[in-house]
Amino acid sequence: MFRNITIGQYIPGDSVVHKLDPRIKIIITFIFIVAIFFINKLSGYIFAVLYLYLVIAISKTPFSYILKGLRPVIIILLLTVSLNMFFTPGGTVLYTLGPLKVTTSGLRLAVFMGLRLIFLIIGTSLLTLTTSPISLTDGIEHILKPFSRIGVPAHELAMMMTIALRFIPTLIEETEKIMKAQMARGADFESGNIVKRAKGLVPLLVPLFISAFRRADELAVAMESRCYRGGQNRTRMKQLKIQPRDYEALAVTLIMVLLIVWNRVWTW
Amino acid sequence: MPIKVENLSFVYNEGTPYATVALNNVTFEIQDEEFVGIIGHTGSGKSTLIQHLNGLLKPTSGKIYINGVDITDKKVSLKDIRKEVGLVFQYPEYQLFEETIFKDIAFGPTNLGLSEEEIEKRVYEAMDIVGISRELADKSPFEVSGGQKRRIAIAGILAMKPRILILDEPTAGLDPKGREEILNKIKEIHDKYKMITILVSHSMEDIARFADKIIVMNKGRIEIIGTPREVFREAEKLEKMGLGVPQITSLARELQKKGVTIPEDILTIEEAKEYIIRYLRGTKNV
Ligand SMILES: Nc1ncnc2c1ncn2[C@@H]1O[C@H](COP(=O)(O)OP(=O)(O)OP(=O)(O)O)[C@@H](O)[C@H]1O
Ligand SMILES: [Mg+2]
Numbered sequence: 001m002f003r004n005i006t007i008g009q010y011i012p013g014d015s016v017v018h019k020l021d022p023r024i025k026i027i028i029t030f031i032f033i034v035a036i037f038f039i040n041k042l043s044g045y046i047f048a049v050l051y052l053y054l055v056i057a058i059s060k061t062p063f064s065y066i067l068k069g070l071r072p073v074i075i076i077l078l079l080t081v082s083l084n085m086f087f088t089p090g091g092t093v094l095y096t097l098g099p100l101k102v103t104t105s106g107l108r109l110a111v112f113m114g115l116r117l118i119f120l121i122i123g124t125s126l127l128t129l130t131t132s133p134i135s136l137t138d139g140i141e142h143i144l145k146p147f148s149r150i151g152v153p154a155h156e157l158a159m160m161m162t163i164a165l166r167f168i169p170t171l172i173e174e175t176e177k178i179m180k181a182q183m184a185r186g187a188d189f190e191s192g193n194i195v196k197r198a199k200g201l202v203p204l205l206v207p208l209f210i211s212a213f214r215r216a217d218e219l220a221v222a223m224e225s226r227c228y229r230g231g232q233n234r235t236r237m238k239q240l241k242i243q244p245r246d247y248e249a250l251a252v253t254l255i256m257v258l259l260i261v262w263n264r265v266w267t268w
Numbered sequence: 001m002p003i004k005v006e007n008l009s010f011v012y013n014e015g016t017p018y019a020t021v022a023l024n025n026v027t028f029e030i031q032d033e034e035f036v037g038i039i040g041h042t043g044s045g046k047s048t049l050i051q052h053l054n055g056l057l058k059p060t061s062g063k064i065y066i067n068g069v070d071i072t073d074k075k076v077s078l079k080d081i082r083k084e085v086g087l088v089f090q091y092p093e094y095q096l097f098e099e100t101i102f103k104d105i106a107f108g109p110t111n112l113g114l115s116e117e118e119i120e121k122r123v124y125e126a127m128d129i130v131g132i133s134r135e136l137a138d139k140s141p142f143e144v145s146g147g148q149k150r151r152i153a154i155a156g157i158l159a160m161k162p163r164i165l166i167l168d169e170p171t172a173g174l175d176p177k178g179r180e181e182i183l184n185k186i187k188e189i190h191d192k193y194k195m196i197t198i199l200v201s202h203s204m205e206d207i208a209r210f211a212d213k214i215i216v217m218n219k220g221r222i223e224i225i226g227t228p229r230e231v232f233r234e235a236e237k238l239e240k241m242g243l244g245v246p247q248i249t250s251l252a253r254e255l256q257k258k259g260v261t262i263p264e265d266i267l268t269i270e271e272a273k274e275y276i277i278r279y280l281r282g283t284k285n286v
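From first to last, the protein sequence lines stand for chains A and B.
For the first sequence, our numbering assigns the number 1 to the initial residue and increments by one for each residue that follows.
For the second sequence, our numbering assigns the number 1 to the initial residue and increments by one for each residue that follows.
Calculated from the structure, these hints are not laboratory results.
Predicted, not measured: the structure shown is a model, and the values here were computed from it.
One or more hints might be untrue.
Claimed, not checked - Restricting the straight-line Cα-Cα distance to at most 30 angstroms, the calculated cross-link-like pairs of lysine-lysine (DSBU-like) are:
| no. | chain 1 | residue 1 | chain 2 | residue 2 |
| --- | --- | --- | --- | --- |
| 1 | B | K58 | B | K161 |
| 2 | A | K196 | B | K63 |
| 3 | B | K74 | A | K177 |
| 4 | B | K103 | A | K199 |
| 5 | B | K237 | A | K180 |
| 6 | B | K63 | A | K199 |
| 7 | B | K75 | A | K199 |
| 8 | B | K187 | B | K177 |
| 9 | B | K79 | B | K161 |
| 10 | B | K58 | A | K177 |
| 11 | B | K63 | A | K180 |
| 12 | B | K79 | A | K180 |
| 13 | B | K4 | B | K83 |
| 14 | A | K180 | B | K258 |
| 15 | B | K187 | B | K237 |
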């Protein structure tokens with residue numbers, strides 16, 4: 001029941017997209033997001049759709065996974081769209097519903113915000129669907145490294161993320177196990193009002209916290225006994241190296257950006 | 001409450017790249033009062049199988065009848081099944097959560113909606129059965145030893161008075177003395193209350209001692225099923241699965257190969273002793 005959370009769920013594969021350098025992939029995702037917000041005409045989204053289609057096709061990501069990534073944010077999406085639709089002043093009034101007015105500019109903004117959010121989520125889920133959490137944090141650490149001079153703890157942040165990511169599946173598994181064990185004792189997690197349900201969570205949360213603390217303790221001991229002392233002078237087994245394919249991917253992305261800029265500036 | 005499982009198959013994460021076939025067309029029957037051992041390698045599907053017996057997992061296909069009732073039917077109340085089928089998970093001490101041992105054991109009976117007096121009676125009874133002193137009732141379950149925690153967890157299930165008791169590797173991670181104590185308790189409970197008992201284990205030795213019937217699982221299938229003697233007769237097959245037979249059975253087989261008249265399905269040391277003494281006397285007399 002917890003397994004249908006796609007954001008951060010990696011599908012192993014060996015396509016070019018999977019093999020790209022994680023630093024490049026993160027940068028490309030950033031460029032993509034900025035480009036999405038730069039678009040100001042519906043026709044501009046054609047390029048974004050084409051670009052996403054290309055990435056999905058090359059990486060062979062099942063479309064159902066991308067849709068699953070959208071499901072948890074549907075409420076936010078609806079909220080954003082309706083807020084924009086009802087509370088944007090200006091333009092001609094199309095429809096009145098009590099105190100709420102739908103104006104042309106409101107409708108326009110709502111459509112754009114909706115599309116932007118959808119593209120944003122698809123773009124970022126594609127990043128996490130095609131990049132293993134380990135290489136993702138590796139990439140983030142590298143990107144943050146130049147900032148460590150101004151006090152950003154790049155290595156520590158990356159290590160925290162790695163550990164957190166590493167333990168998400170473990171915690172999910174543990175949650176399921178404890179839930180089942182308590183259900184075998186007649187616990188009911190699914191029915192009753194909010195108060196009853198919240199109370200019903202105690203038999204789940206107490207064991208879960210205890211085991212999380214125990215695991216954290218064990219991990220700290222294991223790391224210390226292998227002489228872990230933070231990022232200083234640490235070398236890596238796998239060095240990241242930019243390959244020709246990384247330049248190619250960047251080039252394709254830049255072409256998309258140029259098309260979008262061209263669309264904004266010269267066409268309507 | 002006889003159990004009947006028909007063509008049971010189960011796939012984890014069906015329809016995703018992570019799909020795992022955990023059970024493949026499993027069929028078997030368990031009669032009243034039977035003590036059944038389930039053995040198999042890590043990942044062979046033992047835990048998956050037993051979680052079907054109280055409705056925690058729904059079969060991908062196949063049927064499960066308990067006392068003639070098909071529990072895969074949506075109309076069957078899961079609460080009623082869980083009242084009758086007590087399942088003790090692997091490392092059950094990790095599910096303790098209450099402030100006191102008494103309250104933790106009372107969790108199951110309370111969920112059944114029993115009266116205060118009935119709950120109290122059952123909790124103390126269960127503590128007696130597993131050998132936890134009544135004086136500990138108001139102590140925190142987190143302050144006692146690992147072996148005691150496990151007994152408390154088992155008591156938590158026993159207090160629900162199930163008619164079928166299933167235990168998933170109840171001796172995992174205990175020292176030899178703790179193992180012995182828990183196993184003997186389980187046997188005692190079985191003999192006293194005559195409930196169907198299903199014991200999942202990695203150890204042939206443990207299972208051979210108590211079980212009336214052994215189910216050998218391998219890669220999601222039932223490889224061998226039968227009485228311990230029937231099962232141990234297939235020693236080669238067992239060894240191929242990396243399981244082997246109890247040491248004493250193995251010894252008997254070796255002796256037989258050397259020409260000693262001893263059956264190859266010896267289960268206990270006493271049995272072996274008798275045959276060996278008889279053989280030695282026999283050869284001397286000749
Ligand atoms: N929650 C789960 N999600 C996905 N796959 C699972 C899950 N639980 C078990 N599996 C897989 O199902 C198969 C059977 O697992 P199961 O836990 O039933 O084995 P087992 O015989 O109990 O093993 P062990 O002796 O280690 O307890 C294994 O391949 C396992 O990886
Ligand atoms: Mg198991």
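Outcome of the hint check:
As the CA atoms of K58 of chain B and K161 of chain B are separated by approximately 24 angstroms, the hinted pair is consistent with the 30 angstroms bound. About 34 angstroms separates the Cα atoms of K196 of chain A and K63 of chain B, which puts this hinted pair outside 30 angstroms; it is violated. Proximity of K74 of chain B to K177 of chain A is assessed by CA-CA distance (about 23 angstroms); at most 30 angstroms being required, the pair is judged to hold. Between K103 of chain B and K199 of chain A the CA atoms are separated by roughly 15 angstroms; this keeps the pair inside 30 angstroms, and the hint holds.
Under the criterion of a C-alpha separation no larger than 30 angstroms, the hint pairing K237 of chain B with K180 of chain A is inconsistent with the structure, at around 34 angstroms. This hinted pair does not check out: K63 of chain B and K199 of chain A have alpha carbons roughly 35 angstroms apart, beyond 30 angstroms. The suggested pairing of K75 of chain B with K199 of chain A holds, with an alpha-carbon distance near 27 angstroms, which does not exceed 30 angstroms. Taking the CA atoms of K187 of chain B and K177 of chain B, the gap is about 15 angstroms. The hint holds against a cut of 30 angstroms.
The straight-line distance between the Cα atoms of K79 of chain B and K161 of chain B is roughly 14 angstroms, inside the 30 angstroms bound, and the hint therefore holds. The suggested pairing of K58 of chain B with K177 of chain A holds, with an alpha-carbon distance near 15 angstroms, which does not exceed 30 angstroms. This hinted pair checks out: K63 of chain B and K180 of chain A have alpha carbons roughly 21 angstroms apart, not beyond 30 angstroms. A threshold of 30 angstroms between alpha carbons decides the hint, and for K79 of chain B with K180 of chain A the separation of about 13 angstroms falls inside it, so the pair holds.
Distance restraint check for K4 of chain B and K83 of chain B: the Cα-Cα separation of roughly 18 angstroms lies within the 30 angstroms cut-off, and the hinted pair is therefore satisfied. For the hint linking K180 of chain A to K258 of chain B, the alpha-carbon distance of about 51 angstroms lies beyond 30 angstroms, and the restraint is violated. For the hint linking K187 of chain B to K237 of chain B, the alpha-carbon distance of about 28 angstroms falls within 30 angstroms, and the restraint holds.
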